[in-house]
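Enquirer: Please construct the entire structure, taking both the sequences and the accompanying hints into account.
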Amino acid sequence: MKIGVLAVQGAAREHILCLRKLGVEAVPVLRPPDLLDLSGIVLPGGESTAQWRLLSRAGLAEPLKKALEEGLPAFGTCAGLILLAKEITNWPEHYLGLLDVAVERNATGRQVDSFEAEVEVDGLGEVPAVFIRAPAIRRVGRGVEVLGTHDDEPALVKQGAILGATFHPELTEDLRVHELFLNLCRKE
Amino acid sequence: MQKGTYRVKTGFAEMFKGGVIMDVTTPEQAQIAEEAGAVAVMALERVPADIRAQGGVARMADPKKIKEIMRAVSIPVMAKCRIGHIAEARILEALGVDFIDESEVLTPADPFHHIDKWQFKVPFVCGCRDLGEACRRLAEGAAMLRTKGEAGTGNVVEAVRHMRILNDQIRRLKEMSRAELVTYAKEIGAPVEILEMIQELGRLPVVNFAAGGIATPADAALMRMLGADGVFVGSGIFKSENPEKRARAIVLACTYYDDPELLAKVSEDLGEAMPGVEIEKIPEHSLMQYR
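First to last, the sequence lines map onto chains U and Y.
Per my numbering, the very first residue in the first sequence carries number 1; after that it's consecutive.
Per my numbering, the very first residue in the second sequence carries number 1001; after that it's consecutive.
What the hints contain is simulated information worked out from the structure, not anything from laboratory work.
Only a predicted model underlies this, so the values are computations on that prediction, with no experimental measurement involved.
Treat the hints with care, since some could be wrong.
Looking from chain U toward chain Y, a few residues come up when the C-beta cut is under 7 Å (computed) [what the hints assert, rightly or not]:
no. : residue
1   : 8
2   : 50
3   : 60
4   : 92
5   : 107
6   : 110
7   : 112
Derived EDC-like pairs (lysine to aspartate or glutamate); straight-line CA-CA distance at most 16 Å [stated by the list, open to error]:
no. : chain 1 : residue 1 : chain 2 : residue 2
8   : Y       : 1003      : U       : 87
9   : Y       : 1121      : U       : 113
10  : Y       : 1003      : U       : 34
11  : Y       : 1067      : Y       : 1093
Ideal placement from N, C-alpha and C gives every residue a C-beta, glycine not left out.
Expert: The structure is reproduced here in structure tokens:
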């Protein structure tokens, strides 16, 4: 099984290392041909505005959107979740618009308010998580399942083959959320 | 819930990888940088080229200016404090800036020490010219590094020098026995434990950007080819003829540094770059990198 990690900007390396530890082939995605033969794709953290501008200007936004619409499983963390979301409450743009949630950018405030905490995930229990200038999920559409919460707020959501997290599992040693995504990829 | 942990600080720096951090002096410039695809902006009163030209003591920017820039953009905002100036750093932390650059571009405030960065919730980035300096900054708690280069010159040669030196030292470190490592630690003024960590990882334990003299998309691509995780562009953008176009081109070049055809395309028709300075023409006491 080959999993792509979007690598135009952000924490691609950390996701690639997590996926390789789980025994799957993980490759960076920078150009449209990199999307071929993937069983899933990770959209990592970074700056969503920078990532989107790079995706658009390098001609990768449309092929990526098409692959996701055709059912390629995706896992967006932080900025990756923002790219996937249908609505951004405090920003004039939205990007791929494939996950029916409304997110608020930088909802936890500035970097001094970034934190480590546990996320309560269905079937996994407490999972260590790092929240960095993290977005919040303000609305969850019908057909979107909340799989994990922090402080009673949704932190990990799933709609079909798309998984979105407000936090960074790739910055911890715990690989269970990545494993959950790989199970999703195997099912598709 | 734990705030300000080393993991939260270094993890934030990981999010900048592959990106460009741009010096800005006004909210309008900050918006141009954000639209161009910058991953963060550095809020300043004067860009390094002007600091160099005007001389005098260069200090932390006016908090009003920093707050205006923070309000103008959604991307992270960094600001510089003088080396060793704990009070300026506390002020920047209180303002809520996302990263502090303890920077040689400003006039140093402490002739003996850098700031003990472990005492802060906000993360710090520091400059380095070699592995010893990098290790000392890490020992003080820096969550991100950047090679110094020579700021405000538009001349990439010192940035290349510092990255080459760092790469060469890490390559040699990887081959060293324990006994050699201890002697080497003494030689370069680096703590043994940090050298051991770098030897085991085979790279620096935090994100390392290149800075100081990057003025063109090709310069950015060059620094990425040499292993920089991303670049800081200071005077190079807003001292050039067409900042918008140049900023966008540098952002693309930083990601697609291994694609010469794309580099050729984005380098085309950018207008005049910032005027450059030969390093040999700068008197040694005016070089910022030795601070």
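Enquirer: Work down the list of hints and note, for each, if the structure agrees.
Expert: Hint by hint, here is what the structure shows:
Evaluation of the residue 8(U) hint against chain Y yields a held restraint, the C-beta minimum of about 5 Å falling below 7 Å. Residue-level restraint check for residue 50(U) holds (minimum Cβ-Cβ distance to chain Y is 4 Å; threshold 7 Å). A cut of 7 Å between beta carbons decides the hint on residue 60(U): the least distance to chain Y is about 10 Å, and the hint is violated. A hinted interface residue such as residue 92(U) counts as satisfied when its beta carbon comes closer than 7 Å to some beta carbon of chain Y; here the least separation is about 10 Å, so the hint is violated.
Annotation: residue 107(U) was flagged as interfacial toward chain Y, and the flag is violated, the nearest CB pair being 12 Å apart, outside 7 Å. Taking 7 Å as the C-beta cut-off, the interface hint given for residue 110(U) holds, the closest approach to chain Y being about 4 Å. Interface hint at residue 112(U): satisfied, since its Cβ lies 5 Å from the closest Cβ of chain Y, which is below the 7 Å cut-off. A hinted pair counts as satisfied when its Cα atoms are at most 16 Å apart, and residue 1003(Y) with residue 87(U) does not qualify at roughly 28 Å.
Distance check on the hinted pair: residue 1121(Y) and residue 113(U) sit about 9 Å apart at the alpha-carbon level, within 16 Å; holds. Only pairs whose Cα atoms come within 16 Å are accepted, and residue 1003(Y) paired with residue 34(U) is rejected, the gap being roughly 37 Å. Between residue 1067(Y) and residue 1093(Y) the CA atoms are separated by roughly 12 Å; this keeps the pair inside 16 Å, and the hint holds.
Checked against the numbered hints listed earlier, the structure breaks hints 3, 4, 5, 8, 10; every other hint is satisfied.
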